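Since the structure of chain A is already known, use the hints to place chain B on it.
Same order as they appear, the protein sequences are chains A and B. The opening position of the first sequence corresponds to residue 5 in our numbering, with each subsequent residue numbered one higher. The opening position of the second sequence corresponds to residue 5 in our numbering, with each subsequent residue numbered one higher.
One or more hints might be untrue.
Note that identical chains are pooled: a pair holds if it fits in a single copy or bridges any two copies.
Unchecked claim - Derived pair list, reagent style BS3-like, types lysine-lysine, alpha-carbon separation capped at 25 Å:
1) Lys-332 / Lys-230
2) Lys-168 / Lys-137
3) Lys-137 / Lys-230
4) Lys-372 / Lys-399
5) Lys-111 / Lys-230
6) Lys-111 / Lys-372
7) Lys-168 / Lys-353
8) Lys-243 / Lys-353
9) Lys-224 / Lys-399
In case anyone wonders, no lab produced these hints; they're calculated from the structure. Since we're looking at a predicted model, the values are computed, not measured.
Protein chains: 2
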Amino acid sequence: MTTRSSTPPPQSQLGQQLAADIPGLEVQDLPEILDAHSRDHTEDLQFLPDLVALPNSTSQVSALLAWANERRIPVTAAGAWTGLSGGALAVKGGISLSTKRLNRMVKIDELNHQLVVQPGVIVQEMQEAVQAKGLFYAVDPASRGTCTIGGNLAENSGGPRAVKYGVTKDWVLNLEVVLADGTVIQTGANTLKNSTGYNTTQLMVGSEGTLGIITEATLKLLPWPKFNALLLVPFADPKDACRAVAGIFQDGNQPSALEFMERAAIELAMDFTGDRQLPLSSDTAAHLLIEVDGFREEDLMPQLERLAQTLERFDAGEPLMAMDSAGKDQLWNLRRKVGEAVKAHSTYKEEDTVVPRGHLPELLAAIKQTGSEYGFESICYGHAGDGNLHVNILKGELSIAVWEQTLPEAIRAIFQKVVSLGGTISGEHGIGWVQKPYMDIRFSPAELALQRRIKDAFDPVHTLNPDKILP
Amino acid sequence: MTTRSSTPPPQSQLGQQLAADIPGLEVQDLPEILDAHSRDHTEDLQFLPDLVALPNSTSQVSALLAWANERRIPVTAAGAWTGLSGGALAVKGGISLSTKRLNRMVKIDELNHQLVVQPGVIVQEMQEAVQAKGLFYAVDPASRGTCTIGGNLAENSGGPRAVKYGVTKDWVLNLEVVLADGTVIQTGANTLKNSTGYNTTQLMVGSEGTLGIITEATLKLLPWPKFNALLLVPFADPKDACRAVAGIFQDGNQPSALEFMERAAIELAMDFTGDRQLPLSSDTAAHLLIEVDGFREEDLMPQLERLAQTLERFDAGEPLMAMDSAGKDQLWNLRRKVGEAVKAHSTYKEEDTVVPRGHLPELLAAIKQTGSEYGFESICYGHAGDGNLHVNILKGELSIAVWEQTLPEAIRAIFQKVVSLGGTISGEHGIGWVQKPYMDIRFSPAELALQRRIKDAFDPVHTLNPDKILP
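So that you can see chain A by itself, here it is in the shape it has in the complex (with noise of 0.2 Å):
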């Protein structure tokens, strides 16, 4: 009746007592297990958990809940280990309940253009299953080969197709949540429309696991428009491109994508991939990299047209255009492999700042102006269309000594700016662990005290992910 994997049965008293508790119920503790689900994408994080369970089904995730709660023992969720704020780590210790046995796609609803996921599903998989039946689920962070929806619905991810199309919280009209105590609830109703009660959808996005897990998702999907064209076009002044990026949209523009690389990011990433095709003039110091799209072949030119307009007015060099599917993976390919270059380059501390688009260019000055005050290098890259800047501050030969404790000043300096601009401390990677610091800054003692008022009335023994997202 239980199907088990070849991993040998838990060795701990904790884990013999689940797996007797709730029979069926996939529990691991072997110490390379434990190491395995200790560490995300983040930089330079590890926290053991004590135990590993993988339930299979919705009433898996319940009971384990209901038994977890019972006896104070932390659970924290994890999907693939591809998140960049620590959300997936069990910093307590306890359990990490693993997504990955939670991975069917329940449902492909051609008549409503819907679709039912289990948590577990990988992101792309996800996508080429909708997009074989003509629709559209356009959120795609750069890890979207290997990252989960769950994980994308814990942090509200985005990626450079938001800037169109939203964020992950703008495609889910319903979700099957555990509660702590393993109640199972339903948050919303699959409809495009819903007044009724209070949003509980919206409130468990981003919320990392620490309200409830959720266990299905109804996400609503759109007619898949096929038809795209890439441009990647060079500046010799970083200012000039960030500049632009507003005026695209005030020219009347709507990219389905518009990525700033500062030339670093672009040439870490000629390195780490060995793709050296690519001409840099050696005045480029930055490029936007803009996508236009359709459903009809003839909608991309008058796009482009348009574009071409706005960026001779921003003083752009000469633009570089894909349009056949090998020119526009190779361009694709350098952006989403910016991150992964970096961290190969040297360690890093990852920002996600965010500010209303118009403010990138003060923002961009900022963190150059605080790079020079502290001694810092940084590259700086991502979805410049919803004012989004991955800032990448770069060890280099920075002290230890300055890299532990100086350091975080800096980042509150550039963080303070950021909300001086009417932004915020994560655009998209969530607050998690590593950010949970500066979480003073954007909010009030007030709006903290709200948040954790939250928390208690989903979890109030707090076993959910403890101790992340509120200071």
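Chain B only, in chain A's frame:
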């Protein structure tokens, strides 16, 4: 220093005390004023407040809420009294907080495509102000000429264009909110992306003034799609019209409005407006009103051609096309007046049902079937593209006993069908007072208990719009 209207000072002891404690706050309690603040557009409801307060600043709202909270006096916010669920009615008496004097458009931010408004601004005035700058706020409830953005935020209002552009919640970036104890908070940031703590912005939208009072909203804007065309499409069988709705999207069309009207709806609107120019063939039983839009005039024709192909598949009659503004205004005016026309025709109850749009045919059949069983006539119309059907149940010849005692059973039967189809009991009107008895159809006891804990986290002593939403 204090600017008062010519209304006399409050007569009641409570009113005099409030006016004395918060100098500058306009407080009214003349019987005719209390009467004018006792009804909205929901059928058959009247609840008198004890006082009307008209704060003109966030700090006055804050002082008022702190004052009322200390004294356990209910405070119910109200905009323009166009609500359709009784959300603004002071069902427990106390203070009716009018947003009439919080009516400033604080800022149109053309650089960032954002708008900052106070809650008392009229939606249509706001739309026209941003359109004058080439920008677009899409949400346009039928009452947009009189309703306020505060009311739209409170009820998460929709309207025809929601089918392409989303409902009120999809346009909100950040809110300034006064909590029950007078604390002023911000919920979000002025950014398109935000993964920074719990989404209290979306929790406030649609919460009908039960969690806090919104005193300022930052809304996003889009470039204005200036061009559109409108089709009125007749069907001999309403079921074909309903089936066509999902078909339109399955064929890849993206209408900017897709409305359904039974024949009786358009006939009543013609009677009510006196506009009888529309050809109405004897074999027409229902219409779809379909709008397409674009940034260029030449964007329209390909959309109309594609639509025509779909409509043929569903046995549509010859469409009437309006391309000039007089023709479009005429059609929209008839559609917008349906609600008032029904009201003028008969005592009625309106239910704001919503289902996944592919299930509209089953919903319409179930409504008519329930009508036969319980002996009532109904007129159905609404935002079919969103699966949102307004069901107007006519009193007609029904006895008061049947109307008051048997009808709730029939409504319950309809809502049960709605929920079994994946739908919910309010698409855009909110729960307020009148739908509260049906909340148990959509939500389990555990789900309702969770919503109650959220209410308690925001408003522990229940002074904000008490006795609404939750049964």
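Against the structure, the hints come out as follows:
1. Lys-332 / Lys-230: Within one copy only: 13 Å inside, 32 Å across.
2. Lys-168 / Lys-137: both (22 Å within a copy, 21 Å between copies)
3. Lys-137 / Lys-230: within (12 Å within a copy, 32 Å between copies)
4. Lys-372 / Lys-399: Cα proximity of Lys-372 and Lys-399: one copy only (15 Å, versus 70 Å across).
5. Lys-111 / Lys-230: Answer is within; shortest intra-copy Cα gap is 22 Å, inter-copy 38 Å.
6. Lys-111 / Lys-372: neither (48 Å within a copy, 30 Å between copies)
7. Lys-168 / Lys-353: So Lys-168 and Lys-353 fail the 25 Å test inside a copy (28 Å) and across (39 Å) alike.
8. Lys-243 / Lys-353: within (23 Å within a copy, 59 Å between copies)
9. Lys-224 / Lys-399: neither (42 Å within a copy, 37 Å between copies)
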